[in-house]
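Peer 1: Each chain, letter by letter, is given below.
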Amino acid sequence: QKEVEQDPGPLSVPEGAIVSLNCTYSNSAFQYFMWYRQYSRKGPELLMYTYSSGNKEDGRFTAQVDKSSKYISLFIRDSQPSDSATYLCAMKTEYGNKLVFGAGTILRVKS
Amino acid sequence: GAVVSQHPSWVICKSGTSVKIECRSLDFQATTMFWYRQFPKQSLMLMATSNEGSKATYEQGVEKDKFLINHASLTLSTLTVTSAHPEDSSFYICSARSWRSFNEQFFGPGTRLTVL
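Top to bottom, those sequences are chains B and W.
Going by our numbering, the first sequence opens with residue 549, and the numbers climb by one from there.
Going by our numbering, the second sequence opens with residue 88, and the numbers climb by one from there.
If you are wondering where the hints come from, they were derived from the structure by calculation, not from laboratory data.
Here the structure is a predicted model, which means the values were calculated and not measured.
Check before you lean on any hint, since a few could be wrong.
[To be verified] Under the rule of at most 25 Å between Cα atoms (straight-line distance), these lysine-lysine pairs were calculated in the BS3-like manner: (1) B/K646 / W/K142; (2) W/K101 / B/K590; (3) W/K128 / B/K658; (4) W/K142 / B/K658; (5) B/K658 / B/K590.
[To be verified] Some chain W residues close to chain B (C-beta under 8 Å, calculated; not the full set): (6) S130; (7) N190; (8) F193; (9) F194; (10) G197.
Heads up, the beta-carbon is just placed ideally off N, CA and C, and yes, glycines get one too.
Construct the complete structure from the given sequences, taking the supplied hints into account.
Peer 2: Laid out in structure tokens, this is it:
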């Protein structure tokens, strides 16, 4: 079993839809949770960063962490064609160096 | 802020040659830099972690003699792929972390290596 599971998609939605992206994990020691966006042939860009459980909102993006269920989500409101990319979840332990990535979900927003 | 650059952005080389990739933090001092490898439609796989002025720590299964990492300054790390072979063709991405933010990594744009 992988430490971090993420459905690779692709997920195809119409413009303006609410997108829900999810990851599950098995290591209860993970405390920091990130979402990265990666366009084709580019490096990942940090979108959201949360510590422990709870919600965090930034513009059209909301990140949720449910540590009891070992489940994290990223919601994108009013999705745009420019949101089409691969979304990677990543997480790390309190003092660890290493980021553990999910496989990435390909998102396609159609105009 | 938090800009990381990589050079070159793509390189094609012949089998058996060595290739050097540079990773620079442009507006912050990177106490730690990370090197990842990404195959098409796959996630990032950590290859090694390097701290400025010390030897890199390689992940299990990564040949340290093949992938030489040098982190000589707080703004520059290099990855040298020695005696490259076609199976080394991949997308190599670096990331950097400053002492100010232990938990955030900022990624470079990646280097696409093709070995013929």
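Peer 1: Each hint should be assessed against the structure and marked as holding or not.
Peer 2: Going down the list of hints, with the structure as the test:
{"no.": "1", "hint": "B/K646 / W/K142", "in the structure": "17 Å, holds"}
{"no.": "2", "hint": "W/K101 / B/K590", "in the structure": "24 Å, holds"}
{"no.": "3", "hint": "W/K128 / B/K658", "in the structure": "20 Å, holds"}
{"no.": "4", "hint": "W/K142 / B/K658", "in the structure": "47 Å, violated"}
{"no.": "5", "hint": "B/K658 / B/K590", "in the structure": "21 Å, holds"}
{"no.": "6", "hint": "S130", "in the structure": "5 Å, holds"}
{"no.": "7", "hint": "N190", "in the structure": "5 Å, holds"}
{"no.": "8", "hint": "F193", "in the structure": "7 Å, holds"}
{"no.": "9", "hint": "F194", "in the structure": "4 Å, holds"}
{"no.": "10", "hint": "G197", "in the structure": "5 Å, holds"}
Figure legend: structure checked against the earlier numbered hints; the only hint not met is number 4.
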